[in-house]
Amino acid sequence: MQAASTGSSRSRLSKLLPVAAGLVLAALPWFVSPYQQDLIAKILVYALFALSLELLVGTTGLVSLGHAAFFGIGAYVTVLASPQGAPASIVWLVPLAMLAATAYALFVGALSLRTRGVYFIMVTLAFAQMAYFVFHDTKLGGGTDGIFMYVRPVLGAGGAVWLDLEDKRHFYYLALGALALTYALLALLLRSRFGHALVGIRLNEQRMRAAGFRTYGYKLAAFVIAGAFAGLAGFLVAVKDAAVNPELLSWHESGAVLLMIILGGLGHLRGAFIGAFAFTLLKEFFQSESLLGPLASHWQMTLGFTIIAFVAGLPKGLIGAGQMLRQRRRAPVREAADE
Amino acid sequence: MNEPAAPLMRAERLTRRFGGLTAVNAVSVALQVGQVHAVIGTNGAGKSTLINMLSGELPATSGSIFLDSADITRWSQPARSRAGVGRSYQRTTIFPELSVLENCRLSAQAAQQRPWRVWESAAGCPHSNGVARDALERTGLAGVAARAAGLLSHGQKRQLEIAMCLATRPRVLLLDEPLAGMGAAETDRMLTLLEALKRTHAVLLVEHDMDAVFRVADVITVMVNGEVIASDLPQAIRTHPEVLVAYLGEEH
Chain A
1 MQAASTGSSR SRLSKLLPVA AGLVLAALPW FVSPYQQDLI AKILVYALFA LSLELLVGTT
61 GLVSLGHAAF FGIGAYVTVL ASPQGAPASI VWLVPLAMLA ATAYALFVGA LSLRTRGVYF
121 IMVTLAFAQM AYFVFHDTKL GGGTDGIFMY VRPVLGAGGA VWLDLEDKRH FYYLALGALA
181 LTYALLALLL RSRFGHALVG IRLNEQRMRA AGFRTYGYKL AAFVIAGAFA GLAGFLVAVK
241 DAAVNPELLS WHESGAVLLM IILGGLGHLR GAFIGAFAFT LLKEFFQSES LLGPLASHWQ
301 MTLGFTIIAF VAGLPKGLIG AGQMLRQRRR APVREAADE
Chain B
340 MNEPAAPLMR AERLTRRFGG LTAVNAVSVA LQVGQVHAVI GTNGAGKSTL INMLSGELPA
400 TSGSIFLDSA DITRWSQPAR SRAGVGRSYQ RTTIFPELSV LENCRLSAQA AQQRPWRVWE
460 SAAGCPHSNG VARDALERTG LAGVAARAAG LLSHGQKRQL EIAMCLATRP RVLLLDEPLA
520 GMGAAETDRM LTLLEALKRT HAVLLVEHDM DAVFRVADVI TVMVNGEVIA SDLPQAIRTH
580 PEVLVAYLGE EH
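Protein sequences, first through last, are from chains A and B.
1 is the number of the first residue of the first sequence in my numbering; add one for each residue after it.
340 is the number of the first residue of the second sequence in my numbering; add one for each residue after it.
Because the hints were derived from the structure by calculation, they are not lab data.
Think of the CB as a built atom: it goes at the ideal place given N, C-alpha and C, for glycine as much as any other residue.
Take the hints with a grain of salt, since some may be wrong.
Stretch-level coverage of chain B by chain A, calculated; a stretch enters the list once three of its residues show a Cβ under 8 Å from a Cβ in chain A [what the hints assert, rightly or not]:
hint	region
1	417-423
2	431-441
3	456-470
So the derived label-pair ranges between C-beta atoms look like this [stated by the list, open to error]:
hint	chain 1	residue 1	chain 2	residue 2	range
4	B	A519	A	L185	39 to 47 Å
5	B	G383	A	S14	48 to 56 Å
6	A	V32	B	S415	50 to 58 Å
7	B	P435	A	R114	24 to 32 Å
8	B	T539	A	G117	36 to 44 Å
9	B	H466	A	K15	34 to 42 Å
10	B	D550	A	R114	55 to 63 Å
11	B	F357	A	A242	58 to 66 Å
12	A	R114	B	A519	32 to 40 Å
13	A	I308	B	W455	53 to 61 Å
14	B	D527	A	L188	27 to 35 Å
15	B	T400	A	M130	36 to 44 Å
16	B	N564	A	S14	56 to 64 Å
Examples of chain A residues toward chain B, derived with CB under 10 Å [stated by the list, open to error]:
hint	residue
17	G142
18	T144
19	V151
20	R152
21	L185
22	R191
23	R193
24	F194
25	G195
26	A197
27	V199
28	A211
29	G212
30	G217
31	S290
Please put together the full structure from these sequences, using the hints given.
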């Protein structure tokens, strides 16, 4: 009984953790340099992108290697739809970017979900490469160089501007707000019957069908929702850089976001968040010439080895590290109690 | 209630071929409420293939399946399940990471899915919780409702398998070797449960334990190499010459 009650107080504490993290992130711009603020803003965008993939991989068990397609389409649509002379309004630009990503996700999902396992991985990769080459090889999005955004969008009405994304701090708070909202929505989704059904599909799809669930519809819904949020992340990355290029849709990007959620720990929303943080910071560290000198030019190798070490040492991801430590600390106590 | 009028579910001349192999050949069965219809036969006789076709997991090569008189031959498995055809698996097919209650609650949720109501908590769903608790009560698992399903004993997992099937509120039960690997006491409890369930369900039972089959079955169908060689009352099957030769062995 006592163990159960301490467990529940711990879980209550654990529920407050994302709120606390949000508050810390909201206060951070007052304590960090502009460079660090930009870096954290970038992490927030990638955390949102990773969260969207977590719904697919960690919750539903659908390993997609083409998730960057929706990210990139959201980004390209943001830049292509922005007028050159005056700032666009966030009110219509965000839904437009998300809608474009959603539409492509519906198309890709409807076809790729007819396959399973490694075939699903390959088909999602193929569709993402298709989108990549559309932007890479045609003039539509400026080819290999990509295109620039002349004026960043704003949020305002009747002459008043509440949010001007040319201001980096405004962008920071927009990214934080979008991430918090996405996190909250996904947490709500996972708590609902829909979310529980997705978990059931990951654990045992055959049983779910036997119980009476048309699993294809559920998987397609998860795929489309994940695509929509990836589109939102794409909007943010386009505004952050005020530019897009085909690399946003490349399989490197799909692989990186997959690594983030694996690094953080699959099956937890906060794992995606922690993974995005860890991955981006590690990458920044290994790319830093001031810290590592000439080794920095081999960052892909050092980053790769580090991630292999992490995954080998922490098979449940960084989020599982706390659990492992707790168990190790508790184990001797239990032995003593047995004696 | 119990008059043997129209069967609840029936299959007519069901056939399934895998390439050149005919796993099930023109098999007809009728299931009605109040009866346990046992299907026995040696390994590879086509019993599991028959269940897979009835439940919709495997399409039939030819033949028809009717539920209440509606032709459901082309219905998907989820649609048949929601119409009242429940099945259990020979190899335990549970959600090992989830709690015993959640295993059943998730199965019960199939009847009231409402996936768009994302603001409602699944764990607080009164319908699925009620049905799940009821299924656990009936199968004697209420005491371990909070335990992770993967930590149950083998016998308890088999009981959970049945509980998950019951949680979908089926009218027809297709049970694929529910007694496999069970001890004597567990077998006894399961047979008592079957006796109770058949009053309100049409039951098809595939089972290897002959003592158990003869204890609960009201009708027995014997399959050999995908074909039905006899279908009759248990006492008639006991003395059926073809069955004695082909299945039970000549020494009987």
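Tell me, which hint numbers fail for this structure? 9, 10, 13, 14, 17, 18, 19, 20, 31
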